[in-house]
Structures are given as structure tokens and as C-alpha cells.
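A.B. asks: Chain residues, written in single-letter form:
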Amino acid sequence: MVTYIIRRLIGALAMLFVVSAVTFSIFFVVPRLAGVTPDDMANRYVGRAATAANVQATAQKLGLYDPVVVQYGRWVKGVFVGSEYDYGAGVEHCPAPCLGYSFVTKQPVWPDLVDRLPVTLSLAAGASVIWLVIGVSVGVLSALKRRSIFDRGAMIIALAGVSLPPFFTGLVALSLLSYGLGITAPGGAYVPLSENPAQWAYSLILPWLTLAFLNAAAYARLTRAGMLDTMGEDYIRTARAKGLKESKVIGKHGLRAALTPIVTIFGLDVGILVGGAILTENAFSLQGLGKYATTAIAANDLPKIMGFTMLAAFFIVVANLIVDLLYAVVDPRVRLS
Amino acid sequence: MKKKALVVSAAGAVLALGLSACGGGGTSTPAATEGGGSTSAPSAGAAGFNAGLENVTNPSDAKGGTLKMAVTEDWDSIDPGDTYYGMSWNLLRIYGRPLVTYNPAPGAKGRELVPDLAESLGVSSDEGKTWTYKLRAGLKYEDGSPITSKDVKYAVLRQLDKETFVNGPTYFNDWLDLPKDFKSVYKTPDVNTDSAIETPDDQTIVFHLNKPYSGFDNFAALPATVPVPQAKDTGIKYRDHVMASGPYMFETVEQGSRYVLVRNPNWDPATDPIRKALPDKYEISLGVEANDLDNRIIAGDLHVDIAGTGVQPAALGSIQADPALRERADNPVSARTWYISILNDNPPLDNVECRKAVIYAADRVGLQNAYGGQLAGDIATSLMPSGIGGWKKLDLYPTGSGDEAKAKEALTACGQPNGFETTMTFRSDRPKEQAAAESMQQALAKVGIKLTLKGFPTSEYFTAYAGKPAYTKANGIGLATNGWGADWNDGFGFLSQIVDSRTIREAGNYNLSVKDPAIDALVDKAFGTSETAARDAVWGEIDQKVMEGAYVLPAVYAKGLLLRGKGVTNQFVTGAFDMYDYLALGVQQ
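Chains as they are written, first to last, in the UniProt record's numbering: chain A, 1 to 337; chain B, 1 to 589.
Looking at chain B on its own, in the form it has when it is part of the complex:
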């Protein structure tokens, strides 16, 4: 499943050209850490445009102050078992500790997994089907009660109930070796679940999978492993009072309006080598008007935009015009691709040559502009974005403004020399997707492919329309705008849910078009490959197969223009989430 990003514009091709020429940045001194839980070591005073991509900016260990964060809309939930936003996964680590988490370090170092609640990364046995973690000693909740492995087991099991916790991913549902009679911790509380998770003692937790997976530490890093004491669980109401296991706990929870977090007196830094816990307090405002949010960060009234997807077009202009502001900006590439699914259910798009004709005819520069220009994304040559292990630049199709000759050749090869008609869907409340659809309509018309455009609201796009095969087949849908962000930055975290045909259900699908047994077989091969480089190579091979089959037309690898807050210390872009890391931040007094 994909981790959602609040979609915020970072647009303007002209601005993009101007600003992207202002590169540069500070020294490249990554705050390297070794796996195993050492904290980030700040580099000295990196500054300038893109300084936060590979450096810790404004490094400091000074404690105190209030860090003010804001977001335009509330996210799904602060309950770690019920959330699927990247910003939420990043932020919740200030109040919840999963078994494993991401190294708080800039750039690619931030993608390294380090133990958090656990003493070390997982120990696998049974050829990758069994994974064991040992919890650190002395862990406590905010009320002083001890954190045990049974709490982690309960946390993982409770969020399997997708009727109650509708938002989170389903990795544990799909991979744990659960007993058949287990429904949920609420409906079948007495069913023995030791076949899936064992807790031989209060410090040890053992996961049993139904098939081998060598990258299970990525699962252990999911918010689902943040411990929940069964006695305090109130189901969906738990979001009103999440029990803190991290350095901060909720003082105020006003859903949709604001959250305030203060220090957790029972968090022991001796048990936590990852977090510095610098601010005394976090104030989080929800529902802040997007342009006002940017203005407040520029003025210093706010420190961080939690969404981490980039500033609005208005702020882009300010940043371009003001060198001082430009010094505070970073323009990272995200592990997210905006693309167009080419559905192969209906003729003539069941013919690979017709699908290739669509890709050849597409105006790739026009698509890039539709998605916001160069600052908002680089032209994509494959489905998998460049930050993912195993990515290689593919050169299967031209990336200019459309190759009519090749498109016509492909059309002739598929028996449609005069073109054909089909329908393209897009999310009607996303102007960029509408612009992309219109760009496609104009470009494809040049080779005789006539597109009828249909827009649908985001809230029902995948559940009732583009992601519902019965609808797409009955209504002759041939193309659909799509986008995907990695749950974690490896091939599995990005590709598994959008290229494996076995994940396709009756509705709510994100894999709209990749239905290839050869790709399914490669997915299985990647699951079973334990060596990282070899596994990455398989994901790279899958990426190439997707493009060879012309199942998708990749538009852009997404980018966002982020702005560092005034007076914020230790601010850098983590490769784990491609936004500022929220564990290391501090604020100057």
C-alpha cells in the first residue's frame, strides 16, 4: 500500500527554471551514523540552498523551547495502528517507539534501519520465516508502567482489524502466519495467536511469517509495532489518548484543531540512543491555510510544515525573489512517482504495441509542466523513482515532446493505423492531474488516439471508479492518472502493491494495469532473495519489465521545495521520508 502525502502544489515551470539554477549549497558532510543506534553527529554549520539534503543544518544540542509545527489538514490518525501518511510515520516517533526505525541522519544514511525498542535488528531463522527481537531493558510508558513484548504483540494484532483501523497498511495481515479462526483482538480475543507472534518472555518477541521475507526489519519499523498496553486500548477511541513510549506525550488532543505534546517524564534517554528530545514542547496546529502556513514559516512564526511536500506557488515566487529565503530552501526528490496507468483490459490496449503508441505519443515535457515543472519533479523514465535501491535509468522511450513517427509505427503494428478511441480518468479535485489528462488528450490526438476525459473525486477515485475493475471494463477506461509513494525506500516498499497482479481486488486497487505473470514471478523471487544487492537487482528488473510491457506511462519523479524554519536546529532531509526528519529537531531560545 502506499503511504499518502498531503498533496500540495510546488509548481511553476518558469519559476522552476529560475530556482533550480540557483543550486549550490553547503559542504557535504553527512552526519554519518553506524547502524546499531548511534545518534546523528551534526556537521558544522552547513547552509544554503539544498544544504539540508546531505547535511545537518544549524546543528545544536541545546534543549528547551517550543517547536511549532502545522499542517493544512489533519491526517488520518495519531494512533500508530491506524495511520498511513508519511508525515505521520515520521512524526509519531516523537511519542511512539517502534521495534526498529530509521537512522536520524541526512540523505541516504537516513534510510538505514536502526533498532529502537529492540536491542538490535531482527534475527532471522527458518529461512527468513521467523524473526526474533529482544526489547531493551527499562522501557516505560508515560504512566510509568513497563513496556513488554506482549504490548508489542498486542499492538500488531489489534491493528489487523481493518474494520476498526481502516487506515493503516496490511503487511502484517498479509504476511503473519495467523490461525484461521482469528478475526480480531476484539471479536476473537481468546484465539491463540502464537503461530503468528510469540512472546516467550517480557523482553522477547518472535514473528512467524507465512512465507519467507528477508527484509522483515522494514515491517518492524512500521508504526504498528509501537507498543499498546491492552488495558488502555479503547479501539478506535485510542486516538484520543495514545500512551506514549517515546520522549513526548500528548497534553492536548483536539482532533482537527491542534495537538500539544510535552515531555514524557518516564522516558529514559539511557534506553534510547536515537532521540535527542531537544524541545520542551511541540505545538501542532491543524487546518492552517496553506499560503498562510508558508508565510508563517517565512516570518518565523512557525517552524515546520509537517506535510513535507513543499511550499505553495505563491511562496515559490517569494523564495525565488529573496536570496535569504533561497538559502533556507531544499528541493529533495521524493520516493514518489506520478504516472498514468495504461489499462489493458479493453481492446485495443490489450495489445502491447497500442500501449507503446500511447507512450511514444505522449508529450513528456508537457506532462512535467502539468505536474508543476522542474521544481515539482524530474521527467520519469520508469515507475520506480531514483532513490530506491535497484533503480537504473531506463532508455526505452523518448522523453521529449512526443515522437509521432514511432507512435504511428506502433499503431500500425497493433492494427490501428488510424488511431483509436478510449477514455482517460483523473482526479477532478487535483488540478495537476486534470492538466496531465488534458496534455495527454492533445498529444495523443496528433496520432489519431482520441481521449475522452472523465474526472472523479479523489475520495472515490480508486474505490468506485479507476480502481474498480468492473467499472473500468464496463466503461472502456484505457488510461488513468495515478501516483505512488514508497512505504519505505526499497523495491518492496515501493513496487509490491502496484505491480503484483495478485493484490488486485474487487475495488480500491492501486495496481490498475500491471497484470503480468512474469512480473508476479519476479516479485516472488525478490521476496525470497536475502542478499540486499541481489534483491535490489530483481526489483530493478521488475521495473524494466513494467516499462517493456508498457503498462504505465511514468510522468515525473516527484520533488518538493521545502523551507527550513527560522531558529530550527538539526534540520535535514531524511532519505527515509524525503522530508525533514522530525526526531532530531530543536529550536533556538
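Bound-form chain A, shown alone:
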């Protein structure tokens, strides 16, 4: 077990290294191949009043004239030991893990990401619990009451949930529930959990439901399909023949087997979500990692995009690892060796 975890951790680090190299290449190698010069890249950071000398000074300061390998090495070094950044009127130390320094906002990337993380974690935690509970419950009931009105109604709603993006459902929900009926918080009303747990939940209930609506629908369909397969297996018939209570047959034998793919997809979904629920955060004006990413992309702020990508990749890799470990719990046939 320990060997397995160590092996997986080494694999995860290698994966992050590859992601960083690929991402860095996309931002710094590909443009060069397309003819973008270091001065062109520096132009993003000098404002409109810059002279050619300003641009060259900035390119020099950012090390854009160095070979890309040297620039990448400097970035990797920053992750492990930190970096110094000259912002003109002084030098700022960016402590490890320094994922870069934004020359647009003149801020190290890492503290920004850490500031935004609680918002995204709050969103992901609440929404994932809701969608898992609702999605799996509805899926199980639909499978057990196959072709009933409940099953058909639930699957139609599920189809709508999968089809409607959060930026639409979010705005509609805000218009109806927050601005129309006044029963939920308006957009951008996030209150930290540490400040007021009740207000925290109140401010997030609509984003949770919006995001959960999307994913619960998918989970309901997935669970239903899994349950239908499983409930037709011979061992279910055997369990029933042995006189086990139906609730035990469903819960212990049916659902447990159907849960394996659910756990896999749930782990990945939560990992992706913690890396930023971009649409939901934008719809509800939540200042989380997803909103951070869209702002960075709009401003062409490469260090921020790079830092965000790495953090998102980290969460996905970690989620994968946890899923693999959970397999052994959910499915006794899996051995971690």
C-alpha cells in the first residue's frame, strides 16, 4: 500500500512536470515559432505610452531575451526556492512555491491563488455533496422504478440539467429567486465560512444548486444506467433467492457495485471543480479560481494563467490518486499492490 502510494506520488510529480513544460511551451515556445519576438511579448506589460526603449528594458527585465530553456529553468527554480522580481521601483521577493509574478497587477501569483481558493473550495464542497446525494438517489430510484412516471420525469429533468449551462441557469435563478422573490442572496455576495457559517451557506446556496443541477443530472443518468446493469446480474438474483431484504440487496450488493464508475467520475469532477468552476463563478460573480482564470486570460496575463493551470493540474492529479485509493474501499476485488 505504502509502496503503491509512493509510486503514484512520483508519477503525479512527473505528470505535473510534464504539464508545466507543455504549458510553458504553449506560452513561450509556440509564439516564437509563429514569429512573435521578445519585444512583442514585453509589449503586453508596458502600457500604451511605452517607447521602444521602454519595451526593450522590460523584455530585458523579464528575461525574455534568454533562451526558452533558461526561462523555464528559472520558473521551475522559483517553484522550489522562490524568485526575485524587479517591478521598477524595487525588487519583490516571491517566496516558494512561486508560480510566477504578474507584471500586469504587479503581484506574485501564488498568494492570489491562495486568496481565491477558499471561495472555489466552498463552492465545490457544497455543490458536490448536493449533486452526489441528489444524483445518486434519483438514479437509484429511477432504476428501481424503471419506465415509471418518476423515472421518465427525472430523466427529462436530468437531460435539461446536462443541456443547460450554468451561466444560463445561474442568471435565470438569480433573476427569479434573488431579484424577483428575494429569497436567495444576490450575485457576488460571498461571505467566508470563518466569518459567519450561516451567511456563508446562504450566500452560496444558489451557486451550489446551479452547479449541482448540472452535475446531478449527469450522475442520475450514470447511476441509473449502472444500477440497471447491476440489478440484472446473477449475484443479485442469488442474493434475493437467499432471502436478503430488498434494501440490503439494493444498498449492499447493487449500489456498491454500481458506485465504482461514480467514484471515478466524482473524483475527477471534484478535482476539476476545485481547479475552478469557471462558468458558475462568473455567473455568480464569485471571486474564485475560475474567475481569476478568466480575468487572466482576458488580460493575456501569462504568469497568472500558468500558475492557475499548474494549480488546477495539481488538484486533478491529487483527485485521481484519491480515487485510485478509494477503489480498494469500494471494490474489494481491487488490491493496491
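These are computed hints drawn from the structure, not numbers from a lab. Treat the numbers as computed from the prediction; the structure is a model and nothing was measured. Any given hint could turn out to be false.
As the list claims (entries may be wrong) - Here are a few chain B residues that sit away from chain A, every Cβ distance over 10 Å (derived from the structure): (1) 128; (2) 145; (3) 200; (4) 204; (5) 259; (6) 352; (7) 417; (8) 500.
To be verified - Straight line, CA to CA, 20 Å or less: simulated SDA-like cross-link-like pairs of lysine to any residue: (9) 237(B) with 83(A); (10) 237(B) with 87(A); (11) 150(B) with 120(B); (12) 183(B) with 52(A); (13) 187(B) with 57(A); (14) 134(B) with 206(B).
Ideal Cβ placement from N, Cα and C applies to all residues, glycine included.
Take the given structure of chain A and dock chain B to it, following the hints.
C.D. replies: Just chain B, lined up with the frame of chain A:
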């Protein structure tokens, strides 16, 4: 340089027609003030569509409450020395006081300059090359320390460092008589800069220019003159704690998320006849989803959209459908023109007749629709918008759906009777500009001018593509979408950076096509003309020359549909920024 506006759509030709027919508005009782610093006197209860254009709506002197403002994205900086957004220049006056500012009054009255930190407007000597201001007595920062003329000098000098403060305009860089060995306050702190700015005592500041400029008070109104104490300056990090000289100071600064401002206990209303300082607090949310922002203003959860460029298309529909909402809307014309530069570097567009053919062939109504219809802008007949002094309606070209006959005549005159091929650039992340480019492509094809369209991201549009002459020449760029807003509403503030060929650099240019020595000479003439009406006339003449040379195809004079907040007092559109004035606002309890 241009002051940026967060580009927000206010579109829909059909909606526009419907709504613009719903004019009317309240009584026209401007809150007139006399130059010299008197505060605006509210008119009584103007209301209705466009009531805020010429009237103070919901007038009140009641203090207290929290004014909630929001914007879809953070702007460049809250540091007065590092910002170039109109909304920021408008807003920062609640925490920073420049030497001179704009009269907080509706409409054209809002364009009048009034002294702020200074006791009076500038006194010029040396034929307009020297300008002297005397500061009011008793001025203090938020920490109680005195504000002196040396702080104003330091503030102006520090922002000259464009490697550090990349966002602000360069007027002081270009016009101050700076010593040659001065680099920046950080790199050459010991260089004597008295040749540019003198402070003979703590109350007096004297600016020395390298050439005469009769409108220097407009420079004195720039945020760059908001005082900065040298001891508190942290360079680019100063944005984390700007020292307040106005009635409010920052309580919370979370870049990209929110700002909270509370009363500055050391601001003395006796030193400030301009500001009423009504709310107890300002809460500013950043990064609010655009449609949600409109909905929150409609619902009353938010009071003001700081961007001041107009509501989204979805809200346009709501406003049109709901008479109560319509009563809360204003549709001002901005000092901004969306236009198409006609580059004359490459043949055959180096021939004026070929450039005229482009203008004749263009579908001007199609362009107006591309930019959002009648609510988003009036069809432009010149580069300079109508709110600028010296503007006159020109009638050089038709403004319909294109005049093919005249276009063909012009093509024949330039030796291209069968048309020609060229490339047009546009900002690919701006759907309106893409629509404008497509409209041009279709209209010009009718007379044989074949356009190849190329889109580039806004962030690199001027620095690497359309604004880089080496690129445009090498790639045969003939047309480029463009847009410009006035830094302040006179000819200099609007035209100087986009028609003077001497401002063109290696990259990052906004003047893409006007390279005419006769126009340069007129610009110099305007700089040296001290009498306002005569100076305005020269700018009007320049505007006409630009059109005669067919250097640009003007599309629309921009407009925006603004929505007044529920419970907001003293809300009106100032002619200085063509958005709601942020100095006078209050909120009902």
C-alpha cells in the same frame, strides 16, 4: 492618448428604434455653477427618460448610507499616477484631489474646470509656457499630515516613469521642460527638476512647459496632480495604499475583488467647496458578471455601474418593456468615436481618390447597426464627436447605405476602375468590430474592392499589429477598425494623439493613418491659440482636413444607455466624462 472605456454592449437596432422614440424627460433646469468652485445646486425633482442629461435627479443633501458600486472587471489601477480609464478619473476624485477638476454639474456645465486643491485656476505667464497655482490652506492627508505643493510636484514627477507606471497618459512627459539628465524620481532622485516644476513655498507650484499651451488647466485636472507624499510612495505598490486627500479613504483594497472606502476624518469640507461627501461608505465590487450587474441595479441591490458605458442587450429589452425602468434611463452621447482608419502607406490607398472610394462605398447604416444601432451611436460625419468644442456637422460624404456611383467615379479617378484588394484588421474579441469589418467587406465588394479580414486580440492590436507601421506596411493593411475617447472634452483632449503625425512611434500607435504636414501645422496653431473660441475653431478645421484627406471613415459617435440606481440622490450625467458624476452622489436611507 485616449482614455479607455470598458467596452460594454448597448446594442440592438430594433430595440434602439423603439426606445429612442420614448424620449422626453424632465424639466431642463441645469444645476448651474459658476467657475471658481461653487457646488452644484440641485434642481427640483427632474425625472424621466434622459432626465439626468441636463438635470440633477432626486436631489438631496442627506448624508449617510452606503453607496454600492460595481464593475465587470477591475480597471488598471487606483493609483492616480497610473490610470487611464474615464471611470477611474471620475471616481478617484472621491479619494484624491487634483489641482483642478471638473464642475460637478449636469451636461455641458460639467465640462467647466474649477479649482480643487488650488485656490483658483492657473495663472499663466511667459506666453503660456509658465503656469502657477496656489494651494488652499489647511489641506491634509488621511493621516493628518499637511499637503504641500512639494507633494503635488512629486506626484507629477513620479508618474513620468513609464517603465513603472505604464498606464497613465504622457502629457507631462511631453510638455514639461525637464532637464535632460532626469530619468525618474527613482533612478535619478538627485537631479534638480526646477526647470520643469518649482515649489517656491509649500503653497505654490509653478509648471514650466517646453512650448506654450493655453489650455494647461486641463493638464492640471489630470489625476497625476493628485498629491503623493514622497515618504509614503512605494512605487507600483502605492496602489495597495493610496494616501487619501479627498473625503474618503480606502478601508479595504483587494485588487481584482473589491474596494471599500470610508470617510477620511482629516478631510476638511471648509477646504473643499466642490464635494458634498454624502454617503458614509462606498462599497465597490469588481468582476461582477455584466448581466447580473444590470439586474442588480434594476433590483436596487447595486446603485451604480462604474464603467458608465451602458447596459447589456438583455437589460435593454427589460428597459424597453418596462415604463418604470425607462423612467430611470439616460442615453448620453459620449466623447468617443468608433471609426475605421484608412492607412495610406500602401498603394493604391496612398491616393486620396482611392481612400474616398472606400468612404463612398461604405454602408454607413450597416456600420451603425454593427456598432449596436441607434441607441449605441449616431452615424458620424467626422472624426471629432459632437460634444467637443469646435465641432461642426460636415457634409462631405453621404451617410446612407453606400453610394456606388460616386465610389466608382473615385476609383476611376485613382486609376483603379475595377477596384483593388487590401486587408482590413479588427479586434477579434470585439464582436461589434468584427461585424463592422464584415459590413465593410460586403459593401466594398459591390464596387470591386476586395477586403481580406484579419482579427487580432485587443491586447496586442495596437502594439503588435494595426498600430505597428512595420507590420501594416509589410502585410498590406489598408483598413483598421479603431476607436477613440477624449481625455477631456476639447479638441486637444480628443484629437491631439490621433491626428498629429509626430506622435507616431515604432509600435503602440493609435494614429494609424493621419500623416499630413498641413494638419500637423494646424495642431501647432491650436496649441498656441489662447482664446478658446478661436482655438476650438482650429480644431474644427483640423477635423475637416482629416475628412477631406479621407484618412478615416467615421462610423458612429458612441452613445450608451445608462440606468440610474434606486434610491440614489444627485445623479446626473456630467459632460466631463459622459457618464454619471461620482462626486455628487448620495443614497437614500
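A.B. asks: Checking each numbered hint in turn, tell me which of them this model violates, lowest number first.
C.D. replies: none
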